[in-house]
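**Q** Sequence:
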Amino acid sequence: MSNSSRIHSFHPERYGDVKSAVRALLHAVGGEARAAAACRVSKSTLSEYGNPRYDERHMPLDVVLALEQAAREMPVTEHLAAEHDALLLHLPSVEAAGGWMDHLTSIGKEAGDVFHRAGEYLADDGEIDAQEAPGLLKEVDELLAAVAAMRAAVRARIPK
-14 MSNSSRIHSF HPERYGDVKS AVRALLHAVG GEARAAAACR VSKSTLSEYG NPRYDERHMP
46 LDVVLALEQA AREMPVTEHL AAEHDALLLH LPSVEAAGGW MDHLTSIGKE AGDVFHRAGE
106 YLADDGEIDA QEAPGLLKEV DELLAAVAAM RAAVRARIPK
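Throughout the sequence shown, residue numbering follows this note's numbering, covering -14 to 145 in sequence.
Everything labelled a hint here was simulated from the structure, so no lab data went into it.
Some hints here could point you the wrong way.
[Unchecked claim] Distance windows between CB atoms, simulated:
(1) Asp70 <-> Gly97: 46 to 56 Å
(2) Asp40 <-> Gly97: 46 to 56 Å
(3) Leu122 <-> Ser78: 19 to 29 Å
(4) Arg38 <-> Asp87: 28 to 38 Å
(5) Lys123 <-> Gly16: 29 to 39 Å
(6) Arg142 <-> Ala118: 17 to 27 Å
(7) Leu72 <-> Leu107: 20 to 30 Å
(8) Glu68 <-> Thr30: 54 to 64 Å
(9) Met86 <-> Ser29: 49 to 59 Å
(10) Gly15 <-> Glu68: 23 to 33 Å
(11) Lys123 <-> Met86: 43 to 53 Å
Note that beta-carbon positions come from the ideal geometry of N, C-alpha and C, so glycine has one too.
Could you put together the complete structure from these sequences and hints?
**A** Below, the structure written as structure tokens:
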């Protein structure tokens, strides 16, 4: 898929809990020292935010935002979205959005891929099992990304 959108179909168990997601964020930034340089919190305090022994200490949202921007990854936000059974969808920039026919072609192709893959999986037993689901999820995510790209282009046409 050449589209610059990304779909995150994460489940809460990807990180397990908020503390694990915080540790993933600290790792993504490059460690506690780099994280401390990118936000208003000390290295030792950041360590406590990711430590399960400090169950009363949690990273403030402004610190999460600063670190996720520095890391260009969003493990805490992804975890929270998954806990709410929500889908986190990165919208592409308008410059990367492409032309109208490109959008329609991409959506059609990706929708066709979803129907093809689902039909393939349903043909044998009428079910999509645990082994088949990841393949279908990939196709669905690519369809959502194609729709998101067109959405960004349409949204750009609406005066602010």
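**Q** Could you say whether the range 46 to 56 Å given as a hint is met by the Cβ separation of Asp40 and Gly97?
**A** Given about 48 Å between the Cβ atoms, the range holds.
**Q** For the range 17 to 27 Å, tell me whether the beta carbons of Arg142 and Ala118 fit it or not.
**A** violated (36 Å)
**Q** Using the Cβ atoms, figure out if Glu68 sits within 54 to 64 Å of Thr30.
**A** Violated: the Cβ-Cβ distance is about 24 Å, outside 54 to 64 Å.
**Q** Leu122 and Ser78, beta-carbon distance inside 19 to 29 Å?
**A** 25 Å Cβ-Cβ, so the 19 to 29 Å window holds.
**Q** Should the hint that Lys123 and Gly16 are 29 to 39 Å apart at their CB atoms be regarded as holding?
**A** Since the Cβ atoms of Lys123 and Gly16 sit about 32 Å apart, the hinted range of 29 to 39 Å holds.
**Q** Asp70 and Gly97, beta-carbon distance inside 46 to 56 Å?
**A** Given a distance of about 27 Å, which is not inside 46 to 56 Å, the answer is violated.
**Q** With 20 to 30 Å as the target window, see if Leu72 and Leu107 comply at their CB atoms.
**A** Hint holds: Cβ distance 23 Å, inside 20 to 30 Å.
**Q** Are Arg38 and Asp87 spaced within 28 to 38 Å by their CB atoms?
**A** violated (52 Å)
**Q** With 23 to 33 Å as the target window, see if Gly15 and Glu68 comply at their CB atoms.
**A** Because 26 Å falls inside the window, the suggested range holds.
**Q** Hint says 43 to 53 Å; check whether the CB-CB distance for Lys123 and Met86 agrees.
**A** Violated - the Cβ-Cβ distance for Lys123 and Met86, about 25 Å, lies outside 43 to 53 Å.
**Q** Is the hinted range of 49 to 59 Å satisfied by the C-beta distance from Met86 to Ser29?
**A** holds (55 Å)
Of the numbered hints listed earlier, those contradicted by the structure are 1, 4, 6, 8 and 11.
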